[in-house]
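All chains should be modelled from the sequences, with the hints used to inform the complete structure.
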Amino acid sequence: MTKSELIAHIASRNPHLYQRDVERIVTSIFDEISKALGRGDRVELRGFGAFSVKHRDSRVGRNPRTGASVSVAEKAVPYFKTGKQLRDMLNV
Amino acid sequence: MGETITRAQLSEAIYQEVGLSRNESADLLELVLGEITQALLRGETVKISSFGSFSVRQKGQRIGRNPKTGDEVPILPRKVLVFRPSQLLKARIRQGHKIAPAAPTGSNNP
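In the order they appear, the protein sequences are chains Y and A. Take 4 as the starting number for the first sequence in our numbering and just add one per residue. Take 5 as the starting number for the second sequence in our numbering and just add one per residue.
Check before you lean on any hint, since a few could be wrong.
Unchecked claim - With a straight-line Cα cutoff of 25 Å, these simulated SDA-like cross-link-like pairs (lysine to any residue) come out:
#: 1; chain 1: A; residue 1: K63; chain 2: Y; residue 2: G86
#: 2; chain 1: A; residue 1: K94; chain 2: Y; residue 2: Y82
#: 3; chain 1: Y; residue 1: K84; chain 2: A; residue 2: P89
#: 4; chain 1: Y; residue 1: K38; chain 2: Y; residue 2: H19
To be verified - Partial list, derived from the structure: chain Y residues whose beta carbon lies under 8 Å from chain A:
#: 5; residue: M4
#: 6; residue: L9
#: 7; residue: V75
Claimed, not checked - Label pairs and their in silico Cβ distance ranges:
#: 8; chain 1: Y; residue 1: K57; chain 2: A; residue 2: E76; range: 38 to 44 Å
#: 9; chain 1: A; residue 1: P71; chain 2: Y; residue 2: K57; range: 20 to 26 Å
#: 10; chain 1: A; residue 1: K83; chain 2: Y; residue 2: G70; range: 18 to 24 Å
#: 11; chain 1: A; residue 1: S54; chain 2: Y; residue 2: K78; range: 16 to 22 Å
Rather than coming from a laboratory, the hints here were simulated on the basis of the structure. Positions of the beta carbon are idealized from the N, C-alpha and C atoms, including for glycine.
So, in structure tokens, the structure goes:
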């Protein structure tokens with residue numbers, strides 16, 4: 004399912020909403036999550052999961068082709084932890 | 005920075021964006037999460053462009069250990085949800101990370 008399919012699906016089941024409003028809603032949800040993570044905030048959606056930012060220290064990596072060592076700078080990466088309820092629902 | 009955003013702030017964002025009531029905004033957020041959940045339970049991958057994709061991965065059985073007692077216990081085959089962030093989301097976070105701790109040098113960043 005893609006974002007546009009998600010929007011179309013929600014719009015078809017909610018005839019009182021304009022499709023373009025549904026589009027703005029879906030977009031603003033993911034925008035808001037992205038913005039929060041960009042600030043270093045955590046987003047917790049109980050039952051669904053939590054998005055957070057993990058810090059990776061700088062390290063010495065290797066070019067797998069040549070074997071030459073390269074230094075990899077420290078960075079921050081997004082991380083998602085599945086909520087307990089959703090995790091349980093996947094395994095019934 | 006370091007705050008936790010919950011459903012309340014996300015539905016507030018919807019409320020600000022579209023002319024729905026606060027109640028409806030909260031319901032819509034729930035609906036979106038519900039649709040994503042249903043698709044994942046059907047085994048579908050959910051791709052949100054410029055954000056990332058959620059997919060369900062089947063894990064095989066393996067032998068684990070109880071770290072306290074050292075007993076071997078089988079970890080049963082199970083399904084796990086994996087989120088793969090998009091390049092854009094990763095870039096956005098890397099960017100935010102740079103600005104935060106390196107504030108004294110950054111005169112060009114508003």
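Results for each hint:
A distance of roughly 18 Å separates the Cα atoms of K63 of chain A and G86 of chain Y; the hinted pair therefore holds under the 25 Å criterion. Annotation: proposed proximity of K94 of chain A to Y82 of chain Y holds, straight-line Cα distance about 10 Å (limit 25 Å). Only pairs whose Cα atoms come within 25 Å are accepted, and K84 of chain Y paired with P89 of chain A is accepted, the gap being roughly 12 Å. Distance restraint check for K38 of chain Y and H19 of chain Y: the Cα-Cα separation of roughly 29 Å exceeds the 25 Å cut-off, and the hinted pair is therefore not satisfied.
Interface hint status for M4 of chain Y: upheld, as the beta-carbon distance to the closest one in chain A is roughly 4 Å, under 8 Å. Taken as an interface hint, L9 of chain Y checks out: its beta carbon lies about 6 Å from the nearest beta carbon of chain A, inside 8 Å. Interface restraint check: V75 of chain Y against chain A, minimum CB-CB distance 12 Å, threshold 8 Å, status violated. The hinted range of 38 to 44 Å is not satisfied by K57 of chain Y and E76 of chain A, whose Cβ atoms lie roughly 30 Å apart.
Here the CB-CB span from P71 of chain A to K57 of chain Y is close to 22 Å, well matched to the stated 20 to 26 Å. Under the hint 18 to 24 Å, the C-beta atoms of K83 of chain A and G70 of chain Y, about 38 Å apart, miss the expected range. Evaluation of the 16 to 22 Å hint for S54 of chain A and K78 of chain Y yields a pass: the beta carbon distance comes to about 19 Å.
Comparing the model with each numbered hint stated earlier shows that hints 4, 7, 8 and 10 do not hold.
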